[in-house]
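There are 4 protein chains.
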Amino acid sequence: MNHQDLIQKLAVCAAACEHCMDSCLSEDNVQHMVACIKTDRDCAKICQLTASFVASGSRHAQHLIKECIEICNECAAECEKHDHDHCKQCAKACRECVEACKSYQTAQV
Amino acid sequence: MNHQDLIQKLAVCAAACEHCMDSCLSEDNVQHMVACIKTDRDCAKICQLTASFVASGSRHAQHLIKECIEICNECAAECEKHDHDHCKQCAKACRECVEACKSYQTAQV
Amino acid sequence: MNHQDLIQKLAVCAAACEHCMDSCLSEDNVQHMVACIKTDRDCAKICQLTASFVASGSRHAQHLIKECIEICNECAAECEKHDHDHCKQCAKACRECVEACKSYQTAQV
Amino acid sequence: MNHQDLIQKLAVCAAACEHCMDSCLSEDNVQHMVACIKTDRDCAKICQLTASFVASGSRHAQHLIKECIEICNECAAECEKHDHDHCKQCAKACRECVEACKSYQTAQV
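As they're listed, the protein sequences go chains X, P, H and B. Numbered per numbering that gives the first Met the number 0, the first sequence spans residues 0 to 108. Numbered per numbering that gives the first Met the number 0, the second sequence spans residues 0 to 108. Numbered per numbering that gives the first Met the number 0, the third sequence spans residues 0 to 108. Numbered per numbering that gives the first Met the number 0, the fourth sequence spans residues 0 to 108.
Among the clues, some could well be false.
[Claimed, not checked] Only some residues are given here: those of chain B computed to face chain P with a beta carbon under 7 angstroms:
#1 Leu-24
#2 Val-29
#3 Gln-30
#4 Val-33
Don't read these hints as lab results, they were simulated from the structure. Note that CB positions come from ideal geometry on N, CA and C, so glycine has one too.
Same shape as in the complex, but just chain X:
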């Protein structure tokens, strides 16, 4: 897992979370999607920041990757509770992002 592949997975995940969050707000039963909206919000932010730290070669990137894995896992678990396409796509992007983060962590040791 190199820098660029990780950054791409992080960017795809951030975009999937932003899209899922916005789509949840257009669902008939918004009330039911509140937890999903909140975790999408947090996950989009941490993925964006992590991508920024990795791309800039910051020595704090590893700490953010660790936090990113935690939030992505939580977001995937929440999205997997719902049948909407945007939730399924978001869960998939989160899971792939977690895998990319873990591969990158291993490669850097």
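Got chain X sorted already, so can you dock chains P, H and B onto it with the hints?
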């Protein structure tokens, strides 16, 4: 040009800018790279925000795309003054991002 | 209006928007707050980025201030439709942010 | 230490880092300021994100506060090596931000 392709170009450009900025700071003649560092800094930020607005379906996305084109063009012109690989790659990413933004603008009209 | 006062108003507005958005998601009638949530989301982002551009002395700060005024005005107008305390506080922060942006624009000419 | 005071300290610190970074790039001896520029860059980003998580009431705010303390401490230590006014101001903002983060951590337990 659909949403996802544009978002990908914006993410690649943001990452190229962050990498170029960091690499400029490691060049022997940092003084010579100051203008490049500053435009990389601005370009990374506007690309990240524009991607975020586009991904979330915001109705203000078009305004940010317009500003993004301007800053990307400026960043490309600055990077093209230098022979470093990271500058060349960043200039290329900025030019491709501008093209993607323009195609997206046309497609939305 | 100097740099630091403007940055402070932008930061207060960004935080008010984030808080309003989160509080809207906890209201009994979330459906009724969807437009408010979306404009809070956009307004928080543009205020954060504008603060970042102003603080870093970027020559693109003025363009972002212009966009920031537009989104803050829209967010204030939306929040003023609602009686929740968080909406009232957010509307107030948006209005003060617009005033700060305009004073800063005038001072820079 | 309440939410709003912490957010204000984070915003002041982020702005001080952005200003210090930009001012370092205008110093005669930029080469000498490279480490300061890089830590300013990281510190501005983590303070902005932490403020965003705290303001939105995210349950991940505490993790980011922990990381924020670490990067702020590092940034303060680097800035304290230099005599420039912007470095001194940035170091002061970082130290105050660390204190605010720690008070907030204690208050939340």
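Status of the hints after comparison with the structure:
Of the supplied interface hints, the one on Leu-24 of chain B holds, with its beta-carbon coming within about 5 angstroms of a beta-carbon of chain P, less than 7 angstroms. Taken as an interface hint, Val-29 of chain B checks out: its beta carbon lies about 5 angstroms from the nearest beta carbon of chain P, inside 7 angstroms. For Gln-30 of chain B, the interface hint holds, the least distance from its beta-carbon to any beta-carbon of chain P being 5 angstroms, beneath 7 angstroms. Satisfaction of the interface hint for Val-33 of chain B is found here, the shortest Cβ-Cβ separation to chain P being roughly 5 angstroms, below the 7 angstroms cut-off.
Comparing the model with each earlier hint shows no violations; every hint is respected.
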